[in-house]
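K.L.:
Sequence:
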Amino acid sequence: MKNNIIDYIEKYRDITFAEKQFNKVDALILSQFSYLKLDGFVPGVGSYEQPVTIKQISQSDNVDSLFSDERYASVNRELFESMAGSARFAGTGLNHYINLLSNRWEMQFSALTAYLDDGNVHVIFRGTDETVVGWKEDFNMSFMTPVPAQVKAVDYLHYAAERIHGPFSVGGHSKGGNLAVYSAMKCSRYVRDRISLIYSQDGPGFTKETLEDSDFASIKDRIRKYVPRSSIIGMLLQSQEDYKVIEAQSIGILQHDPFNWIVEDDDFVYCDDVAGRYEISDEAVNEWAKRADPEEMKVFVDKIYEVFVEAGINDLNEIGGNIPHLMIKAKSVLDGMDDDDRQRVRAVLSAFAGCLKDQIKGIVHHSREP
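Its first residue numbered -5, the sequence shown is counted upward by one per residue in my numbering.
These aren't lab readings, by the way, just hints derived from the structure by calculation. Ideal Cβ placement from N, Cα and C applies to all residues, glycine included. Hints may contain errors.
Quick list of the computed label-pair ranges, beta carbon to beta carbon [unchecked claim]:
1) 318 / 207: 43 to 49 Å
2) 41 / 68: 26 to 32 Å
3) 50 / 94: 22 to 28 Å
4) 38 / 65: 24 to 30 Å
5) 318 / 10: 49 to 55 Å
6) 318 / 13: 33 to 39 Å
7) 1 / 94: 32 to 38 Å
With the sequences and hints as input, model every part of the structure.
P.N.:
Below is the structure:
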């Protein structure tokens, strides 16, 4: 088993941020930490309470409620206990926590601010959690900018910046990385000028129109984007952001998990580019996003979401035991579509098949060239 972020914490457990400055691995650790259920533990937006440290949280009576996401309960607990037991992270102060979920607005948004022992501050945006509405919002990004979480991220960055003295960094994993980049791009110039670095850890990119905005050019050189070798999420809508590719354990979508990213000493292990077999699907999806009609894509995503709503599933953890029920509801939704919507869904599926076919054909043609 190769080293990961928990091994990194153990290796540098006695070294504070004052002794060894905050780096890209630390940023990934805090991004993963942000997935914990911190409601009731960290002072919220609007509170006048002082930051609470990770060590203080570990001494709470109801600490087990931090790990209610069944998918990662065990590894998240191990991460948290390692952080709380280390000189490096135990004294990190946390404040300005917010956690919003709205089916009506199709928004899942969460963020907090970390105060390090050397005086530096890092603003963290949580990525997509286990909620179905959170994943729906991710799909909405393929045809809509801004989505509600992006708007909220800009508001949060302004709020946090008013309470931070001096420069600060910002980051997040998955959708959190997208929110970090978007909020840095769209915040006021005064706040933007104080941002030192922006970490996007396998975060999806942006629509062509967003990247052509002059605001993106103003922060581009401060973005540090990292994707695993089998990246799928981070390569969505990827076109202008520079990125580095990380070696990771496991395969495919499982490499999106930060616990699978390989760490050596105080850095990641890098490779030349994303794996070829995933590059095909990445390019196909990105071409699909460019070609797809926004209205057709919206209907397609809405219908998938409708299946989950009809099945009464709000949490991805509920899917495993409900496959037959989901299949029944999927058939019901398909049968209930009018001709126009059915045609839109077919058009989206046909467009994706065409893009994938074009990508494979192009690679085969290239391989045959002398």
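K.L.:
Please name the hints from earlier in the document that this structure breaks, with their numbers sorted from lowest to highest.
P.N.:
As far as the earlier hints go, only 6 is violated by this structure.
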